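Respectively, the protein sequence lines represent chains A and B. The numbering used here puts the first residue of the first sequence at 2, with every later residue one more than the last. The numbering used here puts the first residue of the second sequence at -9, with every later residue one more than the last.
These aren't lab readings, by the way, just hints derived from the structure by calculation. Fair warning: this is a prediction, and the values are worked out from it, not measured in the lab. Even glycine gets a Cβ: it sits at the ideal position worked out from N, Cα and C. Treat the hints with caution; some may be incorrect.
Take a look, some chain A residues computed to stay more than 10 Å from chain B by CB distance [as the list claims (entries may be wrong)]:
| hint | residue |
| --- | --- |
| 1 | 67 |
| 2 | 84 |
| 3 | 93 |
| 4 | 117 |
| 5 | 154 |
| 6 | 165 |
| 7 | 195 |
| 8 | 267 |
Covered by chain A, per the in silico footprint, the following chain B stretches (three or more residues, Cβ under 8 Å) [stated by the list, open to error]:
| hint | region |
| --- | --- |
| 9 | 43 to 52 |
| 10 | 74 to 87 |
| 11 | 100 to 108 |
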Amino acid sequence: MPAPAKRKNRRRIPRGAGLLLLLLAGLASVVCAQEKPYFVAYDSQMEEPGNLEIGINPVIGLPKAGNGFLATSIEFEYGVKAWWTTEFYLDGQRTFGDSTIFTGFRWENRFRVLRGEHWINPVLYLEYESLNDADRTLLEVVSFDGGRGPLDPNAEARREHKHEIEGKLILSSNWRGWNFSENFIAEKNLANEPWEFGYALGLSRPLALAASARECTLCRENVRAGLEMYGGLGDRHNLTLSGTSHYLGPVLAWDLPRGMTVRVSPQFGLTPSSYRSLIRFGVSYELAGFGRRVRGLFR
Amino acid sequence: MFLGPALFCGVAIAKKGQPTDAELAAKLRKAPAAASSWRNPYEGQSDAVAAGLKLFKHHCAECHAPEALEKSKAADLRSSALQNAPPGVLFWLLKNGNRSDGMPAWSALPDQQRWQIVTYLKSLGPASQEAGVVRRPAGIR
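Using the sequences and the hints given, assemble the complete structure.
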């Protein structure tokens, strides 16, 4: 009987459209997050409860030999509670002169440990990632990760698949408008490989501490500037700086009206094992009250 | 697939009602004694009220209603507990948040911006007892 099938289809379309409308409705909400300017380092700031942030973070990498690459991660960050933020990433990669491939996904959770604000605010970070060896988003650098030689062809690199867990201890302090963030990273490939270690450091400040009385886009208060540094620290068998990659670069974040933030950072390899340079971009959009709207769909 | 974790988490959020005046007063008593003596550097400045309103719309309005003048799911910012609290205690509350009730810590905002928000909140004054009367702060349209 065709009629019921048609009715079924008719019901499905509005539900799909409903999700789309939900996202568009979110776009209408005016909200500004306390957006971190860093690309690799984390501070203690959590996503506001019920808000969803959607972001895209491309990185252009220039190795010392061989072709460059463009890696991108698409990010969905959600504030579950004031003390718990969850984030889901989809990663892809294009090697110039080679192919464009999907490299895998990550799911991370951050938990703010202490109530209230302290001189040093600890946050625990737990992540599971399922990525192939072609992934070059470099959202963390651990062990002897590096860019000394040319990249393996994507067709070859994608065959090796890694399932990894990662923990971070995030320490962050806010003082007179400055943010100081220190991350200690431990990562383990579940295929019986040793623990690998790394670090990330960040320092930033808004260009103006007090807000102006008028709505404005090109105000100094909307721009944060700082520095970011990160690198590998070897593994459990060889805890060392020797042969590891390290990067340093300025970071700049600009909060635009209607919840959008644009970030940019040219970063430079500091050791022979590092890529020569990385150019990072980020655009993110905050959807306020996303959780409330989703709950409304199920009532 | 993209929305899966977010949908799960969205449904996982606990629902809580608006806290009563007594509950708010109890939360504010957790502030350190020294906070009562912290002086608002922007007290009574109309520019700071306007800047505070702008910051409020950006950071707080989603939970506390557009200008804190209407009923919302979060704490009533014109309740007598909040309006009678010293400015330093409100500053402390903004900095530390109240995570058990879902209020995030606004510690990433510079001190100056938190004081501007406090200046705006203090300009609201207590809610009118007459139902439906909305009083806007002087100089704010």
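Okay, the hints, checked on the actual structure:
Distance to chain B confirms residue 67 (chain A) as a non-interface residue, since its nearest Cβ pair spans about 33 Å, more than 10 Å. Interface exclusion of residue 84 (chain A) from chain B breaks down, the closest Cβ pair being 5 Å apart, not more than 10 Å. At roughly 14 Å from the closest C-beta of chain B, the C-beta of residue 93 (chain A) stays outside 10 Å, upholding its exclusion from the interface. With a least CB separation of 4 Å from chain B, residue 117 (chain A) falls inside the 10 Å interface cut-off, contrary to its annotation.
Chain B leaves residue 154 (chain A) outside its interface by the beta-carbon criterion, the shortest separation being 28 Å against a cut-off of 10 Å. Every C-beta of chain B lies more than 10 Å from that of residue 165 (chain A), the closest at about 18 Å, which supports listing it as non-interface. The non-interface label for residue 195 (chain A) is consistent with chain B: the shortest C-beta to C-beta separation is roughly 30 Å, beyond 10 Å. Every CB of chain B is more than 10 Å from the CB of residue 267 (chain A) (nearest about 24 Å), matching its label as outside the interface.
For the region 43 to 52 of chain B, the stated coverage by chain A holds: 7 residues have a C-beta nearer than 8 Å to a C-beta of that chain, and at least 3 were required. Check result for the region 74 to 87 of chain B against chain A: holds, 3 residues qualifying (beta carbon to beta carbon below 8 Å, three or more required). Proximity of the region 100 to 108 of chain B to chain A, defined as three or more residues with a beta carbon under 8 Å from a beta carbon of that chain, is established by the 5 residues found.
Checked against the numbered hints above, the structure violates hints 2, 4; every other hint is satisfied.
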